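**Student:** Protein chains in written order, with the numbering used here: chain G, 1 to 266; chain L, 1001 to 1266; chain B, 2001 to 2266.
Check before you lean on any hint, since a few could be wrong.
[What the hints assert, rightly or not] So the derived list for chain B, only partly shown, Cβ under 7 angstroms to chain G, looks like this: (1) D2013; (2) S2014; (3) A2026; (4) P2040; (5) A2075; (6) P2116; (7) R2117; (8) G2118; (9) A2120; (10) S2122; (11) T2124.
[Claimed, not checked] Which residues of chain L face chain B? A few of them, derived with a C-beta cut under 10 angstroms, are: (12) T1011; (13) K1020; (14) P1099; (15) D1102; (16) R1103; (17) G1106; (18) T1140; (19) E1197; (20) Q1213.
What the hints contain is simulated information worked out from the structure, not anything from laboratory work. Predicted, not measured: the structure shown is a model, and the values here were computed from it. All C-beta atoms, glycine included, are put in the ideal place defined by N, C-alpha and C.
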Amino acid sequence: MIVTLLSDFGTADSYVGQMKGALLAAAPDARLVDLTHAVPPQDVRAGAFHLWAAVAAFPPGTVHLAVVDPGVGTARRAVAVGSRRGDVLVGPDNGLLAPALDRLGGVRWAVRLRPPRGRAVSATFHGRDLFGPAAGRLATGARPGSLGSALPGLEVPLAFPAPCADGARLEGEVLHADVYGNHVTNLPAARLPAAFEVRLAGRRIRGPAASYQAVPRGRPLALVGSSGLLELSVRDGSARRRLRARVGSPVVVVPAGDSPGARGRR
Amino acid sequence: MIVTLLSDFGTADSYVGQMKGALLAAAPDARLVDLTHAVPPQDVRAGAFHLWAAVAAFPPGTVHLAVVDPGVGTARRAVAVGSRRGDVLVGPDNGLLAPALDRLGGVRWAVRLRPPRGRAVSATFHGRDLFGPAAGRLATGARPGSLGSALPGLEVPLAFPAPCADGARLEGEVLHADVYGNHVTNLPAARLPAAFEVRLAGRRIRGPAASYQAVPRGRPLALVGSSGLLELSVRDGSARRRLRARVGSPVVVVPAGDSPGARGRR
Amino acid sequence: MIVTLLSDFGTADSYVGQMKGALLAAAPDARLVDLTHAVPPQDVRAGAFHLWAAVAAFPPGTVHLAVVDPGVGTARRAVAVGSRRGDVLVGPDNGLLAPALDRLGGVRWAVRLRPPRGRAVSATFHGRDLFGPAAGRLATGARPGSLGSALPGLEVPLAFPAPCADGARLEGEVLHADVYGNHVTNLPAARLPAAFEVRLAGRRIRGPAASYQAVPRGRPLALVGSSGLLELSVRDGSARRRLRARVGSPVVVVPAGDSPGARGRR
C-alpha cells in the first residue's frame, strides 16, 4: 500500500522521520512517498495546492497523509476521509485536504480521529502521535470506524479561489510559483479559448504555446501545465523573476484577436 | 527491517543515494527512512541531537545508520552497537551515537567494524564503503561478531550538557533551534515544576502552555515539546528570530510565584 | 527491484512525488532511492555528473531514472538504454545518461520510448507521463521492445571534458563542487603520479593526502575522492570558499619534485 506524506516540517529536523517511524510501526509494509515537506510553515493553502496537484498521479486506493497544522493541540478536528475514487486522506480539517478530496470525486466516508489507545499524544506533534499511526492503520486495511466517530464530511471547505467569467473574459489568479519560477494559475484548460491572450502584471502573452521551446529564449509563454491549469513561464528562465507577479496576482484571459493594440504595447 | 539514515551529506549531491545503494546491495528488503541529511557539515553534536530526538519514534529492532564523521580516514573507531531495547546503531564512535544509545537503554553489545572483505574502502566515504554495508548486513540479521571485534561499549561518551539544579532553580541551555524557530532546551518535563517561569535572553516566560495557541499571536510561550523537553516558541512566529537566544544560550527555570517583579519587567 | 531517481525538480514542489506515483502505478514493488533532485534547473551536465558518480554504488540490474530535460515537449528523443553490466537508464537523450552508461560498460540495447497507450502525455512533464511509467515497466521486467522502437545507441555523446597529457604534465578541470565545498576534478586516480603537485587558481598543493586530517586545519589538500577522481579540499573548511576556483577552472598536475621554486611561492 502506498502512503504519501506532505507537511511543513522541512527536512532539516527529524520530524518527518519520526512521523514515518510511527506510521511504519503500525504498517511495516507501507510504501512511503514524500510529496513535499517544504510547504512554508503553517501555510495551509500552499499545502492544499501541492496535495491537490499530486493526488491524481497515484493509483486509486493510495493513502495521503498531510500535516500543515497551525491549530495543533486546539479543538480543530483531526480527520480521515475516504474519497469516491477509493483513496484515503488523513490530516487536520482546516482546508488542507478539501481541494484534493474534491479532485478525487468527493467524500465517501469521514471520521474524526481518536487518540490511539495506550499512547501519549503530545500537544505539539500530532503528525507523529495521531495522524501517522492512523494513516498506518488505514494502510493496513483497518475499518475507518475503528479510528474514531463518523462525520458527514469535512468542516472547512475548498480553499482555492474560483475563476470567474465575464462574457468571453476569464478572470483568475496565480495559485503557485514553482521551482522553475513558473506561475500556475487557477484557470483550467477546459475553460480556455482555443487561442487566447493572457494579461498578467502589465504583460500580454499569447497562448497556448505547444512547449517551453515554442518561443525564443528569455521570452514569456503561456501553456497548459502538467496539472491541467494555465501556466505562465519564461523560456530557459524564471517567470517569478521576470514578471512582476506573485501568488494572488490577477490573471485575465481573453480570446485571441479580441485585443486590438495588444502587440504595440511592448 | 527498518533502517534509518542520518548524515551531514546534504541532498544536493548523490552521497546519500550512494550510501543507500551500498546498503541495499547487502539488504535488498530493507525499508529506508531518512531522519535528516541537513546536519551542518561535521557538527557531531547537532547530529547527535537529531538522532536522539528520533529513535524513540521507531519500533524496537530498528537499525539506525548515522554518519557525521570529520575523522573519516583516521584512526577513529567505526562501530556498531546494540541497545538494550533491541535496536542497532551504526556509525563513527565520536559522540554521535551516545545520546541515542542512552535513550534506548544503553549498550547490550558493541563491535569495531572491519572493512568488508573484497571491497575497496575509500579514505573519504566510509558511509558508502563501510557503514552502509555493515548496516545492511545487520538489517538482514548478521551476527555482530561477523562484522568486527567486540568492544565493551562506546569510547566517546554522551555529548549533551546536563541540566543542573540549585534549590528550586533549574539551569540548562538551548540544545537546538528547529525549522519553526522553536528553541529546544535540555530540560526534561520530569524536572519541571507544575507551574514555572523561564528566563531566557532577558525574557521571562510563564509556563507550561497547553498548546501553541494558548497565547496571543506573536507572543512567546513555554511548553513541553514532542521530545519531552522544555521548548520556547513564539505563536505563529519564530523564537529564533524574536528571542535573542541561540544554541548554547543559558535557560533558567524557577517555580511560578518565585519571581516577584517578573511581570513588571516587560 | 531498485529504481533510482535524479532530476532538477527540487523538493519544494510535488513533482518528484508525482513521478514516483506514476512509476509505482506500473511497479508497485519497486524500491525507490533518490540520488538528488537538486540539480540546478536544466543543467544537463551537472545532472550527468551526479548520475555518473552514483551508479557504481548500486547492484547490477538497477534501473536509473534521470530527468533534466530542457527540451521536454520538443523532438528530442526519450530513451531507455540497457548497459553491458545489466543496468537500465531511462531519460532524455541529451547527454544526461551518456557518462553513466559509459561507466557501466556501454550500451547493450536502446529504445526510443513511445507514449504509453491510453494515457495523456502533457507537454511539460514527461517525468510523470512518459519516463516514470517506462522505468516502472522496465523494473517489472518488461521487454525493452514493448516500450518503443530499437535504436543503435545514444545520439548525444559523453559530455565530460577529457583530461589531456603533455609529457609528465596532466591537464584537466574542476567538474563539480560538492556540499562540503570539495572540488572534484576530471583527473582519475589511475593517471596520477605516485607523488604530485596540483596547480589550481594560483595555488600549489602537494598530494596525495591520505585523509582530510593529513594537513593542519584550514589548509588545502589533494586526495583521491570517493568517485576515484582527484579532489581538492580544505581541512575542516570549504575549498569552494577558500580557493579561487569554480566548475570549469583548469587544474594541472605535475610529478612532485618537478617544480623547483614551488615552496617559495606562498
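**Student:** Give a verdict on every hint.
**Tutor:** Verification of the supplied hints:
1. The interface hint given for D2013/B holds, since its Cβ lies 5 angstroms from the closest Cβ of chain G, which is under the 7 angstroms cut-off.
2. Interface hint status for S2014/B: upheld, as the beta-carbon distance to the closest one in chain G is roughly 4 angstroms, under 7 angstroms.
3. Taking 7 angstroms as the C-beta contact cut-off toward chain G, the hint placing A2026/B at the interface is violated, the least distance being around 9 angstroms.
4. Hint status for P2040/B relative to chain G: violated, with the closest Cβ pair at about 11 angstroms, above 7 angstroms.
5. Proximity of A2075/B to chain G is violated relative to the hint, the smallest CB-CB distance being about 9 angstroms (cut-off 7 angstroms).
6. A hinted interface residue such as P2116/B counts as satisfied when its beta carbon comes closer than 7 angstroms to some beta carbon of chain G; here the least separation is about 13 angstroms, so the hint is violated.
7. This hint is violated: R2117/B has a C-beta 17 angstroms from the nearest C-beta of chain G, more than the 7 angstroms allowed.
8. Hint status for G2118/B relative to chain G: violated, with the closest Cβ pair at about 15 angstroms, above 7 angstroms.
9. Against a cut-off of 7 angstroms between C-beta atoms, the interface hint on A2120/B is violated, since the closest Cβ of chain G lies about 9 angstroms away.
10. A hinted interface residue such as S2122/B counts as satisfied when its beta carbon comes closer than 7 angstroms to some beta carbon of chain G; here the least separation is about 4 angstroms, so the hint holds.
11. With a least beta-carbon distance of about 5 angstroms to chain G, the hint placing T2124/B at the interface is held under the 7 angstroms criterion.
12. Taking 10 angstroms as the C-beta cut-off, the interface hint given for T1011/L holds, the closest approach to chain B being about 6 angstroms.
13. Hint status for K1020/L relative to chain B: holds, with the closest Cβ pair at about 5 angstroms, below 10 angstroms.
14. With its C-beta approaching chain B no nearer than about 23 angstroms, P1099/L sits outside the 10 angstroms limit, and its interface hint is violated.
15. For D1102/L, the interface hint is violated, since its Cβ never comes within 10 angstroms of a Cβ in chain B; the closest pair sits about 28 angstroms apart.
16. The criterion of a C-beta within 10 angstroms of any C-beta in chain B is not met by R1103/L, whose closest approach is roughly 28 angstroms, and the hint is violated.
17. Because the smallest distance between the Cβ of G1106/L and any Cβ of chain B comes to about 30 angstroms, over 10 angstroms, the interface hint for this residue is violated.
18. About 14 angstroms separates the beta-carbon of T1140/L from the nearest beta-carbon of chain B, more than 10 angstroms, and the hint is not met.
19. At about 40 angstroms, the closest approach between the beta carbon of E1197/L and any beta carbon in chain B exceeds 10 angstroms, and the interface hint on this residue is violated.
20. Violation of the interface hint for Q1213/L is found here, the shortest Cβ-Cβ separation to chain B being roughly 27 angstroms, above the 10 angstroms cut-off.
In summary, the numbered hints that this structure violates are 3, 4, 5, 6, 7, 8, 9, 14, 15, 16, 17, 18, 19 and 20.
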